[in-house]
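Trainee: Chain by chain, the residues run as shown.
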Amino acid sequence: MTSIIPVESLKTKPFRVDPSEAPTEDIREVLFELEEAGEIIVQRVPEPYVEVMTKYGRTKKIPLGQTWHHKSCGQCGHIPGYSTSIFWLTRKLGYDYIDPKDQTSCTAWNYYASATSNVAAQGGVAMRNFAAAYETGYFPLIHCGTSYGHYKEVRHEIVHHDDVRATVRDIMSKLGKPLVMPEEIVHYSEWVHAVRDQIAQHQVRDFSDIVACVHPACHYYKLIQEDAIYDPDIYGGQRTATVSGLILALGAEVADYSTFFDCCGFGFRHILVSRDFSRSFATMRKIEVMKEEANPDVVITHDTGCVTTLDKSQFAPQAHGRNVGVPVMSDAQFAALAMGAHPYRVCQLHWHSTDYRPLLEKMGIDWEAAWIEFEKDLKRLEANEIEYLTWEDVDG
Amino acid sequence: MGSDRLLVIGAGPAGLEAARLAASLGSQVLVVEKRDVAGGMPIHENYAALTHGFRDAGEAMAELIGAVTSHPNVELRTSTEVTAVEGSVGEFTVTLSSGTGDDTVEAGAIILATGFQHFDPGRETQQYGYYEFPDVITLADAEAMLKANNFVRPSNGEVPERVAFIQCVGSRDRQIGNEFCSKVCCGISSKQAIEVRQQVPDARVFIFYIDMRMYGYWENEIYWPAQEQYRVNYVKGIVTEILSKNGRLLVRGEDTTMGRPMEVPMDIVVLAVGMEPSLGTRKMAEMLGVATNKYGYIETPHGELDTVATSVPGVFAVGAATGPADLDDSISSAGAAAAKAVALLRGAEVTV
Amino acid sequence: MSRVAPTTTFARRPGATLAPNVYDDVPYEEKLALWEEVKADPRFPDYLYGCYECGICVAACPSARFYDFSPRRIAQAAAREDVELIFEQMNDDVWNCSQCFSCDRCPRQNSPGGLITILREVAVRHGLASSQEALEGYGRVVYKIMTTGTQVSPDMLQPDAFPDWGPDVKEVSDQLDLWRRALPPETLHTTSTGWEVSEKTLLELYLIWHYSDVMDMIEEVDEGLHMIILDVMEETLEEAGYEI
Numbered sequence: 001m002t003s004i005i006p007v008e009s010l011k012t013k014p015f016r017v018d019p020s021e022a023p024t025e026d027i028r029e030v031l032f033e034l035e036e037a038g039e040i041i042v043q044r045v046p047e048p049y050v051e052v053m054t055k056y057g058r059t060k061k062i063p064l065g066q067t068w069h070h071k072s073c074g075q076c077g078h079i080p081g082y083s084t085s086i087f088w089l090t091r092k093l094g095y096d097y098i099d100p101k102d103q104t105s106c107t108a109w110n111y112y113a114s115a116t117s118n119v120a121a122q123g124g125v126a127m128r129n130f131a132a133a134y135e136t137g138y139f140p141l142i143h144c145g146t147s148y149g150h151y152k153e154v155r156h157e158i159v160h161h162d163d164v165r166a167t168v169r170d171i172m173s174k175l176g177k178p179l180v181m182p183e184e185i186v187h188y189s190e191w192v193h194a195v196r197d198q199i200a201q202h203q204v205r206d207f208s209d210i211v212a213c214v215h216p217a218c219h220y221y222k223l224i225q226e227d228a229i230y231d232p233d234i235y236g237g238q239r240t241a242t243v244s245g246l247i248l249a250l251g252a253e254v255a256d257y258s259t260f261f262d263c264c265g266f267g268f269r270h271i272l273v274s275r276d277f278s279r280s281f282a283t284m285r286k287i288e289v290m291k292e293e294a295n296p297d298v299v300i301t302h303d304t305g306c307v308t309t310l311d312k313s314q315f316a317p318q319a320h321g322r323n324v325g326v327p328v329m330s331d332a333q334f335a336a337l338a339m340g341a342h343p344y345r346v347c348q349l350h351w352h353s354t355d356y357r358p359l360l361e362k363m364g365i366d367w368e369a370a371w372i373e374f375e376k377d378l379k380r381l382e383a384n385e386i387e388y389l390t391w392e393d394v395d396g
Numbered sequence: 001m002g003s004d005r006l007l008v009i010g011a012g013p014a015g016l017e018a019a020r021l022a023a024s025l026g027s028q029v030l031v032v033e034k035r036d037v038a039g040g041m042p043i044h045e046n047y048a049a050l051t052h053g054f055r056d057a058g059e060a061m062a063e064l065i066g067a068v069t070s071h072p073n074v075e076l077r078t079s080t081e082v083t084a085v086e087g088s089v090g091e092f093t094v095t096l097s098s099g100t101g102d103d104t105v106e107a108g109a110i111i112l113a114t115g116f117q118h119f120d121p122g123r124e125t126q127q128y129g130y131y132e133f134p135d136v137i138t139l140a141d142a143e144a145m146l147k148a149n150n151f152v153r154p155s156n157g158e159v160p161e162r163v164a165f166i167q168c169v170g171s172r173d174r175q176i177g178n179e180f181c182s183k184v185c186c187g188i189s190s191k192q193a194i195e196v197r198q199q200v201p202d203a204r205v206f207i208f209y210i211d212m213r214m215y216g217y218w219e220n221e222i223y224w225p226a227q228e229q230y231r232v233n234y235v236k237g238i239v240t241e242i243l244s245k246n247g248r249l250l251v252r253g254e255d256t257t258m259g260r261p262m263e264v265p266m267d268i269v270v271l272a273v274g275m276e277p278s279l280g281t282r283k284m285a286e287m288l289g290v291a292t293n294k295y296g297y298i299e300t301p302h303g304e305l306d307t308v309a310t311s312v313p314g315v316f317a318v319g320a321a322t323g324p325a326d327l328d329d330s331i332s333s334a335g336a337a338a339a340k341a342v343a344l345l346r347g348a349e350v351t352v
Numbered sequence: 001m002s003r004v005a006p007t008t009t010f011a012r013r014p015g016a017t018l019a020p021n022v023y024d025d026v027p028y029e030e031k032l033a034l035w036e037e038v039k040a041d042p043r044f045p046d047y048l049y050g051c052y053e054c055g056i057c058v059a060a061c062p063s064a065r066f067y068d069f070s071p072r073r074i075a076q077a078a079a080r081e082d083v084e085l086i087f088e089q090m091n092d093d094v095w096n097c098s099q100c101f102s103c104d105r106c107p108r109q110n111s112p113g114g115l116i117t118i119l120r121e122v123a124v125r126h127g128l129a130s131s132q133e134a135l136e137g138y139g140r141v142v143y144k145i146m147t148t149g150t151q152v153s154p155d156m157l158q159p160d161a162f163p164d165w166g167p168d169v170k171e172v173s174d175q176l177d178l179w180r181r182a183l184p185p186e187t188l189h190t191t192s193t194g195w196e197v198s199e200k201t202l203l204e205l206y207l208i209w210h211y212s213d214v215m216d217m218i219e220e221v222d223e224g225l226h227m228i229i230l231d232v233m234e235e236t237l238e239e240a241g242y243e244i
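Protein chains in written order, with the numbering used here: chain A, 1 to 396; chain B, 1 to 352; chain C, 1 to 244.
None of these hints come from the bench; they were simulated from the model. A couple of the hints might just be wrong.
Simulated DEER-style distance windows between Cβ atoms [claimed, not checked]:
# : chain 1 : residue 1 : chain 2 : residue 2 : range
1 : B       : T93       : A       : E21       : 31 to 39 Å
2 : B       : N246      : A       : E29       : 40 to 48 Å
3 : C       : D213      : A       : E25       : 26 to 34 Å
4 : B       : G66       : A       : E25       : 44 to 52 Å
5 : B       : T83       : A       : E25       : 30 to 38 Å
6 : A       : E21       : C       : Y67       : 36 to 44 Å
7 : A       : T59       : B       : E228      : 47 to 55 Å
8 : B       : T83       : A       : R16       : 19 to 27 Å
Partial list, derived from the structure: chain C residues whose beta carbon lies under 8 Å from chain A [as the list claims (entries may be wrong)]:
#  : residue
9  : L135
10 : D164
11 : D168
12 : L178
13 : P184
14 : P185
15 : S212
16 : V214
From the structure, some residues in chain B lie toward chain A, with a derived Cβ separation under 8 Å [as the list claims (entries may be wrong)]:
#  : residue
17 : D120
18 : G122
19 : S244
20 : K245
Computed from a predicted model, the values in this text were never measured in an experiment. All residues carry an ideal CB built from backbone N, CA and C; glycine is no exception.
When you get a sec, could you build the whole thing from the sequences and use the hints?
Mentor: Here it is in structure tokens:
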């Protein structure tokens, strides 16, 4: 091997982050000060909760149950297996939750795409949703990465800009709602990370042969960077641990690739009206690189836009002979499959574009039989024997 | 009752020079050093050549250490730490702890020469992967390899073809909280770049920078030779990510001259890590009650005309304990502090 | 001739700019007014400090790879208060940004993406032609939000809207009603909305947009759309007993 290189001794010490050296304020402390001053109500994280570590070594509380699920438009609209899997996991692990009708879109996709909004409106939408959760006593759990990043931004603006806070409070009072901010803004993938060992305990399918590439969502960890999960045992605490932690807990392999930190190319506006950009970026900077360097069985991510962009962008490039063809899904769907969920009734993979069947085969899932079962469900629905598929149906 | 002894805490270049000068002016000096050898960072971090004169570090330090240890007025205690301080100017009572137990000494004046530590790249905002990739190293790591004349890729022991330096790692950064410039890294990187080109003549060496800061004679002694004689490539544009691709490092930055993103392979990346106050500086500052600035460095509240007095009469601070400092600074401030301390011990007025 | 005070920046002398003047048909005062509006946004001080042209933002930016776009030039123009260049960027560059905020890695803590958000808002508020052009085809999303409370609905998956997403889109669209009923979560049995939103919630959303002047912005972007939304929503509000 190498001759004496003094570097060795310097490199054997692991990196340990010290929260007392955190370079930023702890926004939760400022929130509590505002609460003391009567400026805002802070909704506390209910017990039981799990504590995880964030970027600068601070701890973040992740509620396990009593969650108010703040849904994602793109998930519910185009990839409903994503939302369904999140609910299914929650139910399977025995936690109670609310799936509210008193919830609007966060409108952040529209905001980042078209800017037809302003800081007061965005604050108003966020606070209205938080007030709606508060009124039920259940704690908001955010399904979408864009919503999550945006709400972190909104929190900063409302806490630090008195004029914005005053305007938003005024709007809330016109709606008869209190001004409430949750103690933590929690993304569902943080909940998945917090319960990953419980998920692994319920695992019934063997994932030891599965190679996954992780795509971390820009809006999860690049916006308000200190509020994202980091773990000294995963990537040495140098990259966010969310998603990777789950995959490792399920015994699958996380394969690295040289464009890990690149955006997926969603672009918010681009995915609708400048599609060549999203398509090209997703193909050339993400999928092709993953295929060439890691050859994964699946790409796992934790945001609506990312799943959409990476999954849907792989069709058109085939016409140009590009190296594409890796199925894409969320950590929630991946975890659900590990726990024995039905690929169609729960994970709803028929809404996905890139072929997922080889992956299911590798997981030991007879997708043909599963599809036949699902088709039977569809027949019953068509014949109006049942009105909807229910939770009882999917667990049968 | 007063004491006419000077206590110097820290036996790095600044501490040693202060001790040497004070001793030669006739004062009794006690130097304490928590490490088991004297010499400070140049010895602890295996410096090869000093910046900017390229003198061999070991040789230069040996000379300085020799001058101190051979002087009858100086007592040097290594493996010794200061654990308590009481009293005030003219009559400090200091508790020292070492392997053999505790001891109490008197001192009339104290010079803090507790120096700096390097920024830990794990706290960096950019994604440099220091703790992930063996071939991403710091200036200190590189210095050690250059001193051993063994500048190779830590991952496989091979000689590198392409080497990159990235400047301002942990400095000039509001997100990290170290907004200051660490002053010496541009010069040190350029010096190391020259040494790499000397030791590995076929290697291409790049320096990615925001600004090149080599003041005074460093410009003509280091920067111009690096470019003109040694063909080191200076690229204005800093790097944001380092990942691994095809067994090499992939470095992602902007070449601002060309105005476009750039992605290039490298074999070794050297992070020009900045300076921060050492643990010793922080501890001693607290123990002695001297004011520090928001970065934890010891404050010298009198600005340009007094670079060594602290907020506590009778306590002086030198070298990198007060802020980023190069060797010239450290030696100069050590001289200033020694002179002022000796004057104090001889009964001069304390001006604060 | 009046003395130029030492604090006068280049930008205050009309015509004096560091960039060639592309939009010289637009009066300088107009451009300046837009820039003043950008600076008056409460978020502006959080988004712009100083810029030492390190290039980290460009290095991390996905749009910089595919467009002639540079977040560094956005931050520089703003820091220099180069009104002419800023106006040009407000028209030509800001819609290239993918709003990923990789540029928030800036060591000075600037947010070029954030500056762009504000620049876009100002452009939209003032009905700049370039913003209307950039948002052509976007009206349906705004309409969807306003009338359903969600941004995306299953029935938006039409093959002619997403031809490049492949043949699956057609299959989904053909099977939509059935497939939506085959979803266990109770709120997802919808096709025209992402999930079932209660009417009260929907109206609250509209009121938020009304009280925060967003409806005025929509009028600038698409007058026809604005009219339709107003008609639909005001009728619903009236029926529900709201008065605004």
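Trainee: Decide, hint by hint, whether the structure agrees.
Mentor: Against the structure, the hints come out as follows:
1. Distance hint for T93(B) and E21(A): a CB-CB separation of about 32 Å, consistent with the stated range 31 to 39 Å.
2. Our hint of 40 to 48 Å for N246(B) and E29(A) holds, since their Cβ atoms are close to 46 Å apart.
3. Roughly 31 Å separates the CB atoms of D213(C) and E25(A), a value that falls within the hinted 26 to 34 Å.
4. Evaluation of the 44 to 52 Å hint for G66(B) and E25(A) yields a pass: the beta carbon distance comes to about 50 Å.
5. Remark: the range hint 30 to 38 Å for T83(B) to E25(A) is upheld by a beta-carbon distance near 34 Å.
6. Remark: the range hint 36 to 44 Å for E21(A) to Y67(C) is upheld by a beta-carbon distance near 39 Å.
7. For T59(A) paired with E228(B), a C-beta distance near 53 Å keeps the hint of 47 to 55 Å intact.
8. For the pair T83(B) and R16(A), the supplied restraint of 19 to 27 Å holds, since their beta-carbon distance comes to about 25 Å.
9. For L135(C), the suggested interface contact is upheld, since its CB lies about 5 Å from the closest CB of chain A, less than 8 Å.
10. Here the hint on D164(C) is kept, as its CB sits about 4 Å from the closest CB of chain A, short of 8 Å.
11. The beta carbon of D168(C) comes within 5 Å of a beta carbon in chain A, closer than 8 Å, and the hint placing it at the interface holds.
12. Among the interface hints, the one on L178(C) holds; its C-beta lies about 6 Å from the nearest C-beta in chain A, closer than the 8 Å criterion.
13. Taken as an interface hint, P184(C) checks out: its beta carbon lies about 5 Å from the nearest beta carbon of chain A, inside 8 Å.
14. Hint status for P185(C): holds, given a least beta-carbon distance of 5 Å to chain A, under 8 Å.
15. Interface hint at S212(C): satisfied, since its Cβ lies 4 Å from the closest Cβ of chain A, which is below the 8 Å cut-off.
16. Of the supplied interface hints, the one on V214(C) holds, with its beta-carbon coming within about 5 Å of a beta-carbon of chain A, less than 8 Å.
17. At about 7 Å, the closest approach between the beta carbon of D120(B) and any beta carbon in chain A falls short of 8 Å, and the interface hint on this residue holds.
18. Using the Cβ-Cβ criterion of 8 Å, the hint placing G122(B) at the interface with chain A is satisfied: the shortest such distance is roughly 3 Å.
19. A cut of 8 Å between beta carbons decides the hint on S244(B): the least distance to chain A is about 6 Å, and the hint holds.
20. Satisfaction of the interface hint for K245(B) is found here, the shortest Cβ-Cβ separation to chain A being roughly 4 Å, below the 8 Å cut-off.
Taken one by one, the earlier hints all hold for this structure without exception.
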